[in-house]
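Undergrad: Chain R: place on chain S using the hints.
Read top to bottom, the protein sequences are chains S and R. Just so we're aligned: 146 in the working numbering is position 142 of the first sequence, and the numbers increase by one with no gaps anywhere. Just so we're aligned: 732 in the working numbering is position 165 of the second sequence, and the numbers increase by one with no gaps anywhere.
None of these hints come from the bench; they were simulated from the model. Idealized CB from N, CA, C, for every residue including glycine. Be a bit skeptical, because a hint or two may be false.
With a straight-line Cα cutoff of 25 Å, these simulated PhoX-like cross-link-like pairs (lysine-lysine) come out [as the list claims (entries may be wrong)]: (1) R:K632 - R:K650; (2) R:K579 - R:K790; (3) R:K646 - S:K225; (4) R:K645 - S:K151; (5) S:K246 - R:K650.
If you want the footprint, here are the derived chain S segments under chain R, 3+ residues with CB under 8 Å [what the hints assert, rightly or not]: (6) 89 to 97; (7) 230 to 236; (8) 240 to 254; (9) 275 to 286.
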Amino acid sequence: MRVQFRTNILLLCCGLFICIAVSASMGYIKIPLLDVIKITAYKITGNKRFIYGINHIYPYVIWDVRIPRILTSVIVGAGLSICGVVFQALLLNPLADPYTLGISAGAAFGGSIALLLNISWFGIYSVSIFAFMGAVGTLIAVLSISKSSGYLSSYTLILSGIIVSAILSAFISFIKYIADEQVAILIFWLMGSFVSKSWTEVITTFTIVSIGFIIFLFLAKDLNIISLGDKTASSLGINPEKIRLILLISASLITAGCVSVSGIIGFVGLVIPHLMRFFVGSNAERLIPASAIAGALLLMGADTITRAILPREVPIGVITAIIGGPFFCYIFIKRNSVDTYGR
Amino acid sequence: MADKNIAFKLDKVSFLYKSFYNKAIDNISLIIEKGHFWGIIGPNGSGKTTLLDLLAGFRRPYSGKILFNGKNISEYNKKVLAKFISFMPQQFYTNIPFQVEDIILMGRYPFISRFSRPSSYDLHLAKYVIKLLDLTNLIKRYITELSRGEIQRVMFARVLVQDTPIILLDEPTSNMDISYALTTLEIIQEQIRKRGKTAIMAVHDINLASMYCDKLIIMRNGKVVSYGYTHNILNEETIKSIFNVECQIYNNDQYTGAKYVIFKKGIYKAANIHN
Chain S
5 MRVQFRTNIL LLCCGLFICI AVSASMGYIK IPLLDVIKIT AYKITGNKRF IYGINHIYPY
65 VIWDVRIPRI LTSVIVGAGL SICGVVFQAL LLNPLADPYT LGISAGAAFG GSIALLLNIS
125 WFGIYSVSIF AFMGAVGTLI AVLSISKSSG YLSSYTLILS GIIVSAILSA FISFIKYIAD
185 EQVAILIFWL MGSFVSKSWT EVITTFTIVS IGFIIFLFLA KDLNIISLGD KTASSLGINP
245 EKIRLILLIS ASLITAGCVS VSGIIGFVGL VIPHLMRFFV GSNAERLIPA SAIAGALLLM
305 GADTITRAIL PREVPIGVIT AIIGGPFFCY IFIKRNSVDT YGR
Chain R
568 MADKNIAFKL DKVSFLYKSF YNKAIDNISL IIEKGHFWGI IGPNGSGKTT LLDLLAGFRR
628 PYSGKILFNG KNISEYNKKV LAKFISFMPQ QFYTNIPFQV EDIILMGRYP FISRFSRPSS
688 YDLHLAKYVI KLLDLTNLIK RYITELSRGE IQRVMFARVL VQDTPIILLD EPTSNMDISY
748 ALTTLEIIQE QIRKRGKTAI MAVHDINLAS MYCDKLIIMR NGKVVSYGYT HNILNEETIK
808 SIFNVECQIY NNDQYTGAKY VIFKKGIYKA ANIHN
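Chain S on its own, in the form it takes in the complex (with noise of 0.2 Å):
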């Protein structure tokens, strides 16, 4: 059974590499597959072989604008679904995401200063430091106000999350209020988006979420046993207060730094782990992979139909929401007639 697991994780890793290069081809400007893949072994191995006889112009179009934009969706997507398979076991709450504790309000509100004030220390990247600044900001707010009533409890937790987001969203409407020109971008920047993303971006969210990704992998076992509770927890050899710390920790920082990249892209982190359960059930050793790849893949979906099927770009929250909501609804509803008359 384990071994299938394995083998389905690799078949699935395949398809999404599959869909990356058909991703690729898809746009404005229609490129051959085979010209796809021919231009990545080319950048790949150096051989100029490969380009001979390609537009000169669709390596640019590949390597530089569509690759970059199409790898930063795929790490974004998984990034915050394995975030949201931590939050929801950790605050032992199936609605948790990994906005719960306020990650989106600080970063919406970091990056709407920036913009609001036409910040430029950072060049191109100060919307996004600002973003990732004040959902760190948040993060040390909402663990703070947790611990004052002494024990880091799930309960505490997710009241401070939701007591320092609502004073956040206050503040980032009173932005909004007194930003004439800049509020369309500012919606729109707060709505997501992969336009225009470089590789700077892919690597700067490979780095952070495959670091996470290793981390919660390592304590997936842990994850499991946190979710029992915590005298559970601790009669099994485990610290619970100490591994839920590091957890946060790292799961914030992660969502930190794809919400700084993407904008706030809801609805995957909290509908990918509970879709993932019913094909692989709640165990975190194998939840955390196949989210990973799902969330890749419906996030890298969502952008190629903004970017290459629809005439004009549409946030990508908004697609992800339309595609993935009847998808999750579908299952959910065929998912419990099965159990209740089916056993």
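TA: Chain R alone, transformed into the frame defined by chain S:
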């Protein structure tokens, strides 16, 4: 030198919850020997659960010290302690839909290294316990859709799979039907008799305690009122003094071979007299 027969030695242990003024555990000194089935009885809020939490190493005493196998319990590495002491908490609740077999196998966590999968011994032990506790038809079910009695049986299975010399149980049978309650207690008794284990159980049903626990710790207001062999310390006066309930005790009941307690009706009226 530590006595090999002593599991826990409590020396003037007190514990204080942050939000309460009263001590939950008030200056308890106690020696808990190995090889017995200990029952902790006492009124609600008398400190039974807190005492178990302290013994499990889940909470640290506010003052005093607890020796386990002759060494201060707070000096143990948690992972090491988990190989010696298993603990079944009173409440269990999770929103995460794990399958029952996953949960039972989690009891082997202290014995499985991080990236390896359960050994054939782990799986064998889990299978044995599942059969022993009649859980075969539940193993594929989700924990979130079980009844509370079923959940308790699963939790007990998780504790048994951990297979530790010391077993701590906080009202393990409170939601079970009488047949599973008796089975559970008899399995614990067998583990003590045949494998030399030690069990410490908080329990409300005094008759169950009398039937299975050979030693009792009687608590009230965070203090130990008395402790020792059940047939020596379980008597009408003690029950009257800690629960304020009149009762009659029959010795050597023909079914159980133990003391049997029958309570007097009418406590509610008696309590109202003062108003």
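Undergrad: For each hint, tell me whether it holds in the structure or not.
TA: Hint-by-hint comparison with the structure:
For the hint pairing K632 (chain R) with K650 (chain R), the CA-to-CA distance comes to about 21 Å; that is within 25 Å, so the pair holds. For the hint pairing K579 (chain R) with K790 (chain R), the CA-to-CA distance comes to about 11 Å; that is within 25 Å, so the pair holds. For the proposed pair K646 (chain R) and K225 (chain S), the alpha carbon gap of about 14 Å is at most 25 Å, so the pair holds. A distance of roughly 22 Å separates the Cα atoms of K645 (chain R) and K151 (chain S); the hinted pair therefore holds under the 25 Å criterion.
For a cut-off of 25 Å, the pair hint linking K246 (chain S) to K650 (chain R) stands: about 20 Å separates their Cα positions. Look at the segment 89 to 97 of chain S against chain R: 4 of its residues bring a Cβ nearer than 8 Å to a Cβ of that chain, three or more, so the hint holds. Proximity of the segment 230 to 236 of chain S to chain R, defined as three or more residues with a beta carbon under 8 Å from a beta carbon of that chain, is established by the 6 residues found. Evaluation of the coverage hint for the segment 240 to 254 of chain S: fulfilled, as 4 residues show C-beta separations to chain R shorter than 8 Å, against a requirement of three.
Counting residues of the segment 275 to 286 of chain S whose CB lies closer than 8 Å to any CB of chain R gives 3, so the stated coverage by that chain holds, three being the minimum.
Violation of the numbered hints given earlier is absent; every hint is satisfied by the structure.
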